[in-house]
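2 protein chains.
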Amino acid sequence: MTAATTSLSAIKPQIVPIALDEGQRGYDILIGAGLLDQSASFEGLPKAAAALIVSNETVAPLFLQRLQTQLAKQYARVDAVLLPDGEQFKDWASLNLVFDRLLETASDRKTVLFALGGGVIGDMTGFAAAVYMRGVPFVQVPTTLLAQVDSSVGGKTAINHPLGKNMLGAFYQPARVIADLDSLDSLPQRELSAGLAEVIKYGPIADAAFLDWIELNLDAMLARDKVALAYAVKRCCEIKAWVVGQDEREQGLRAILNFGHTFGHAIETGLGYGAWLHGEAVGCGMVMASDLSVRLGLMPAEFLPRMRSLIERAGLPVLGPALGAQRYLELMRVDKKAEGGAIRFVLVEGLGKAGMHAAPDDLVAQVLASHCA
Amino acid sequence: MTAATTSLSAIKPQIVPIALDEGQRGYDILIGAGLLDQSASFEGLPKAAAALIVSNETVAPLFLQRLQTQLAKQYARVDAVLLPDGEQFKDWASLNLVFDRLLETASDRKTVLFALGGGVIGDMTGFAAAVYMRGVPFVQVPTTLLAQVDSSVGGKTAINHPLGKNMLGAFYQPARVIADLDSLDSLPQRELSAGLAEVIKYGPIADAAFLDWIELNLDAMLARDKVALAYAVKRCCEIKAWVVGQDEREQGLRAILNFGHTFGHAIETGLGYGAWLHGEAVGCGMVMASDLSVRLGLMPAEFLPRMRSLIERAGLPVLGPALGAQRYLELMRVDKKAEGGAIRFVLVEGLGKAGMHAAPDDLVAQVLASHCA
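Chains A and B are the protein sequences, given in the same order.
For the first sequence, my numbering assigns the number 539 to the initial residue and increments by one for each residue that follows.
For the second sequence, my numbering assigns the number 539 to the initial residue and increments by one for each residue that follows.
Possibly wrong hints are sitting among the right ones.
Heads up, the list lumps identical chains together, so a pair's fine if it works in one copy or across two of them.
[As the list claims (entries may be wrong)] Taking lysine-lysine and the DSS-like style, the derived pairs with C-alpha atoms no more than 25 Å apart in a straight line are: (1) Lys-875 x Lys-585; (2) Lys-764 x Lys-875; (3) Lys-550 x Lys-764; (4) Lys-875 x Lys-648.
For the record, the hints were derived by calculation from the structure and aren't laboratory data.
Please put together the full structure from these sequences, using the hints given.
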């Protein structure tokens, strides 16, 4: 295991194909530098009279014009709607801004939506596309590390409900994912760290060697070494493609991608959406889930400090907010993986292998006591 | 061709199976008298800890307790949420009442929703089921003629947007449709007529012999002859099953089921949702679409008076509201079947056969001038 090579050949455009259940067309994830300025990235997309770019007030000044330039080559009308930025706006009111624009412009059933932004924009645009006229095509153009390695891939779309994160949504696949690594140059450091939480996630649940690689290359990624980031994005997408290809609708295996998310969603909902970034909550949630894996005897004791150290090095919080164990438990009981009121946690069963497990409330309370401020 | 037999054997429970695209399970439509009070109607439904009945303030006093009694045999918790009654409440605010209840009771991903009511309740419950936790099972228990012959079958779900009818929704199939003919006994006459509009629809688009049958048996249906209604519900469901089985997601053929709906949706949206019943708008819309079929030379002149007479006999309006041709055209340009701003009408091409056609605006304006108050 060596640190990522500095050869620029490693950041030539890569394509990770996503295969889907029978009866559905798969799609490609394009990963590379400068993709946003290359016509080739947009060739072969669904034909239509119009395209609508959905973005937010933070991302649009950086990339909107460039995307518009590319799309104008293919669509007679290219419109844009900008949503307010942040998890606290991942709701019906914001979604409705997209529908209002689509209907005001009499956009038809072939109109293609483009999600230009991070995870919130991607999830909302995908859901808008799933629902408008019962389904129009959409393309993910993720501009954050978190969206490039995780949320833009695999077709989970959603908005939040005050009582639960991502509770309203659809499984709805994009026509393509265009991950331009150059967009990471302008990413705030806090957002970069949040994205690293999802990168780290893939190691313990699916690929022990990738966990080793992350430990070796974390500093390079934090310093935005493009070669290291390119490899991380590609490897994460490969793992996600492998999982989603087997279980698109989360009947089983796919749930492992939610490692750290049961605790993490409770933090996000409990504090109010937007207080912590999603990746921050997932980072802290992975510390808790790692501890629970150890306490249930699934992993040796040294797994917890290893994970906590890595997550801390990534610039992520390792102590959760003091909501109280009862509140955490109450929030986690409305998690989508819960069944009949029993919380089901994704736990690590061996390096590179995860599964679903129930746990006694008092054990969960001990975990929370150990990892809350 | 004779009037419906009065033999009671004709109203023994009937099953119409719906076959779906590969990779999806089909489902059954149960049609019969007294189904709501028979345990057999509910056997084999998806297992879950809880069921939620969605109904409205008008329907619940008539049937809710009976459905609760049946469901209590299968689900440990049976809850109900009542929405306000009417097309004007087919919106996000009402839908959110369902989500609030589901989350307040920490309902999990296996919870089964039951739609108890007419088309509005069925469309909204189906959409809620499609979206809650990205999809939970649901069952249609249609209590109006319109819902039994059309809207509860085939998996189109939606809510309205102020700028367009059924603009936000999903294709999402129920686990079963339970059409109890006894529920038609208490249906207001205006609702019965509205349902007959959708019954009449199936004749000209798919089955010339059924059109003859409807003309012969219309008075019996208006008098609520159970044998005639049983046959009508069954035949409509058979035709719809045949169409949906070939084109679940309305890539082509399925659009014929929208005969009269392009004009009809414009009436509903233009007057404000709820002013006319959906079936009333469709009835009047079929008069307009029949005239357009004649004016485009697709049908002989006598087709228009035949359709108008039948629709009028059913107790439906045959003159549309005077919105003005420009407003009609503007409203129809946001119809889901429109493409690139061109309205596409479902027109009759021969008795029992329909297809999609464009039409010059001035011809459409002539049709509107002939059939508006």
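Each hint tested on the structure:
1. Lys-875 x Lys-585: Answer is between: at 16 Å across copies they meet the 25 Å cutoff, but 38 Å inside does not.
2. Lys-764 x Lys-875: Classified as neither; 36 Å inside a copy, 46 Å across copies.
3. Lys-550 x Lys-764: Within one copy only: 11 Å inside a chain, 71 Å across chains, cut-off 25 Å.
4. Lys-875 x Lys-648: For Lys-875 and Lys-648, the Cα distance is within 25 Å only across copies (10 Å; inside one copy 34 Å).
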